[in-house]
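2 protein chains.
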Amino acid sequence: MPELPTLDPDDWEAVDRVFRRAVEVCLAQTRDVRDRPVWQPTPESIKAKLHEPLPRDGRPLEELLARFEETVLAFGTGNTHPRFWGWVHGSGNVAGVLGEMLAAFMNCNAGGRDHIATYVERQVVDWSKEIFGFPMTASGVLTTGTSMATLVALAVARDSRADADVQKQGVAAARRLVGYASAEVHRCVSKTFDLLGLGTEALRLVPVDGDDRMQIDQLAAMVEADAAQGHWPFVVIASAGTVNTGAIDDIEGISQFCRENDLWMHVDAAFGGLAVLTPEFRPQLAAMERAESIAFDFHKWLHVPYDAGCVLVRNADAHRRAFAARPGYLSGHTEGLAAGEPWYCDFGPELSRGFRALKVWFSLLAHGAERYGELISRNCAQARYLAALVEAHPDLELLAPVSLNIVCFRFVVPGWANDALDALNNRIVVELQTGGIAVTSTARIGGKTAIRVAITNHRTRTDDLDLLVAEVMRLGQAAARAGERARSGRAA
Amino acid sequence: MPELPTLDPDDWEAVDRVFRRAVEVCLAQTRDVRDRPVWQPTPESIKAKLHEPLPRDGRPLEELLARFEETVLAFGTGNTHPRFWGWVHGSGNVAGVLGEMLAAFMNCNAGGRDHIATYVERQVVDWSKEIFGFPMTASGVLTTGTSMATLVALAVARDSRADADVQKQGVAAARRLVGYASAEVHRCVSKTFDLLGLGTEALRLVPVDGDDRMQIDQLAAMVEADAAQGHWPFVVIASAGTVNTGAIDDIEGISQFCRENDLWMHVDAAFGGLAVLTPEFRPQLAAMERAESIAFDFHKWLHVPYDAGCVLVRNADAHRRAFAARPGYLSGHTEGLAAGEPWYCDFGPELSRGFRALKVWFSLLAHGAERYGELISRNCAQARYLAALVEAHPDLELLAPVSLNIVCFRFVVPGWANDALDALNNRIVVELQTGGIAVTSTARIGGKTAIRVAITNHRTRTDDLDLLVAEVMRLGQAAARAGERARSGRAA
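Residue numbers (the working numbering), protein chains in the order written: chain X, 1 to 492; chain P, 1 to 492.
Just so you know, the hints here were simulated from the structure itself, not pulled from any lab data.
Check each hint, because a few of them may be wrong.
Said to hold, decoys possible - Capping the alpha-carbon separation at 30 Å, the derived lysine-lysine pairs in DSS-like fashion look like this:
{"no.": "1", "chain 1": "P", "residue 1": "K168", "chain 2": "X", "residue 2": "K168"}
{"no.": "2", "chain 1": "X", "residue 1": "K448", "chain 2": "P", "residue 2": "K168"}
{"no.": "3", "chain 1": "X", "residue 1": "K168", "chain 2": "P", "residue 2": "K448"}
Kindly generate the complete structure, drawing on both the sequences and the hints.
Given below as structure tokens:
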């Protein structure tokens, strides 16, 4: 049989040179990120190049790197930039990049078996338990993010609380399972109800108070009404930082209600839960330690490169029962590579899994929990600073209280209708982005379009927020003048 | 407000040096992989080090790299080694590593919005359509692997075929959905039935023939029986390479049956489907192009670093309907970063997603489809070569026909009972592993424990298989002698 070439290079020195160049270029890009536009659109000419047929023949690595530098590197999401405050994105960190590269070289399959990826993941899961005050007897597994972590958590809750063996027989065999979350809950929770076969209508949305927090008396009334109808309330999802305004539910109160009513409390801690690392938010968040399950991200406020999230489950046996079903060919052995515990495929839906834990391990070791706590505190202080700037300014209106790190405000023009203001503020956000000045998103708050600034960014400085306000004023006033001219033109 | 330090380094030169060192070490490790043991157990002293409390303070990057080199690098899964044939693991490739590192630096969130990660992912999905003969109007999305790809595909199938709005109302509102797969189907399919609320019992396992292929007449009878009972048959999962023996279902026949009975054909193409890149397997696999959905991995036979899989769905609208439910804060815009199409979060459960496409893009461009096809052909030829060695040897027994790249055999001792042979062959596999000689797994084939060799490895040479056979003989004969001695000792 002919011995064909492998996928390995003939010239390893050349590969080393390509990696060195790549590191040099990317480190410079990261170091000088402040000098570049936050975001710029991908040119049509580059999009057109990404419509090639499947390559039949290979190309040299140095050519591919050059192509990457020309056509990919400059056109990313922008979330490594100090003035990126769109949605809730982490900013990345070089220790995490190093971990990701090393993991790719090692190419471990962290689904199970007796090798180091399992032990590093267990270490990272244990650290996560420590962060959230979970007992060391709890279980956990790394996921791509909170969406998948929520799927895992609610699958365990469903299977544990149903009054039938729904894993075998399906949910139709059980009394109708219903769950509860605030009206501000993240979309991934309702999507999970859909995927788990419960249906999105089985997720009851509890009204919020003026601070966007779940009203527990309303929750109680809804649970009672469902029970009276013969449904089977099984879970309450508490939000530790809602996506629109960063509101933190009364986790202590919800926890008590769940205990009294034998309900599973799951905490959506996607980003906000990590504020438990700060002294000022710890009191509001400490009751997370009484949850049955918690889902959160490493790639947001811990700035681990995308993607990395985690789920923790208090009852490790229930967690394992929901997912462990290894077929014969994966049966464990007591010796050799097929030994080892835990096998992380027993705690989630993925049998093949990357060594996602390594970039988290590098990030946490490189920076330490104290530094992370300080940076989270600073982002929240920056949000309050921005809110104060907004409140001090007659042309700006704060649209929601600042609970955490999210500021929702708008530019106002006296006498303008709401629709016109919505269009104006949308326009400001687009121009901030297309001008490469700053990335914010928009949100609808009480029927008004807000400029939404989510500060999850270790590179943001106070003067970046001063610049934001100045630019919003400049763009808003220009648009207002243009609008007035158009108006008087029409009137003339 | 005090300006705290960021997570960026003070000394960028030092970081550059750490990366250079890391690249140098890892490239040498990859280049010289043949000289190292395939696998070695993680020492207890190292496991013990991975029970630290949450780090409070950060550590310098060079110290972390040194720690990685001492305690992590040597203790991986082993699947980069030429004699790793355990389960079905890819071997990795340096172009993919480069792509992964660059993606980590860029730190894109590929959930949506108008940036390059979306366009690269679209390119990779288009290439995948080309590989499988899918129309360009089909949709697709990258996942962590086939397990998640299967969840996405069967969610679309469930939602499309149910006779009620199961997304809103749950599966209990619809007639009972049942699906079919061969008794040799991968475990992730039954797990998906569980997660989707249908229950594992709703997956009917169709008996296989002597070549481990689904019996289509039995499938027809089972579908008829279910329909007669008022159930709602909706999907047939065809296996393009079963996990135990690499058997390829009669995809053409299943496709015709599905067309005649209005059933959704999903193909589990996790690794075997990629053999469509070879002329010899193309005829058996070409009918995959008529599937409604296909799930497969890049991290197996395309050797992209873990983890990377993909799902393709013929009906893009159905795909989007099953997943697109963006809340207000993610509403698309026509301009700026919040514009762009597609948003990949509309095609799967994850809202935040890493730039997984970049390592696939680098791998496919670096090597090209021809080379991949040749390497897959070679692995299959190597499997036939090994099977011929086994058949030529009186002490070895081939336990299943070789359909693709998997060889199941055992060492036999005349006169020994089956239980004793099972124990003996398990022992051989453990000693191959612990001796660092080769990694194979075991499988149960017709009530017998097999040494299972899955050749998904671009570094394997023919003489590696010669060595395997020689070592199995050596270990088997030694164990047989020890067993005989113990037996005669007992008899004396």
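Now the hints, each set against the structure:
Distance hint between K168(P) and K168(X) is fulfilled; the C-alpha atoms sit about 22 Å from each other, no more than 30 Å. Restraint check: the Cα-Cα separation between K448(X) and K168(P) comes to about 28 Å, which is no more than 30 Å; the hinted pair holds. Straight-line distance between C-alpha atoms of K168(X) and K448(P) comes to about 28 Å, which keeps the hinted pair within the 30 Å bound.
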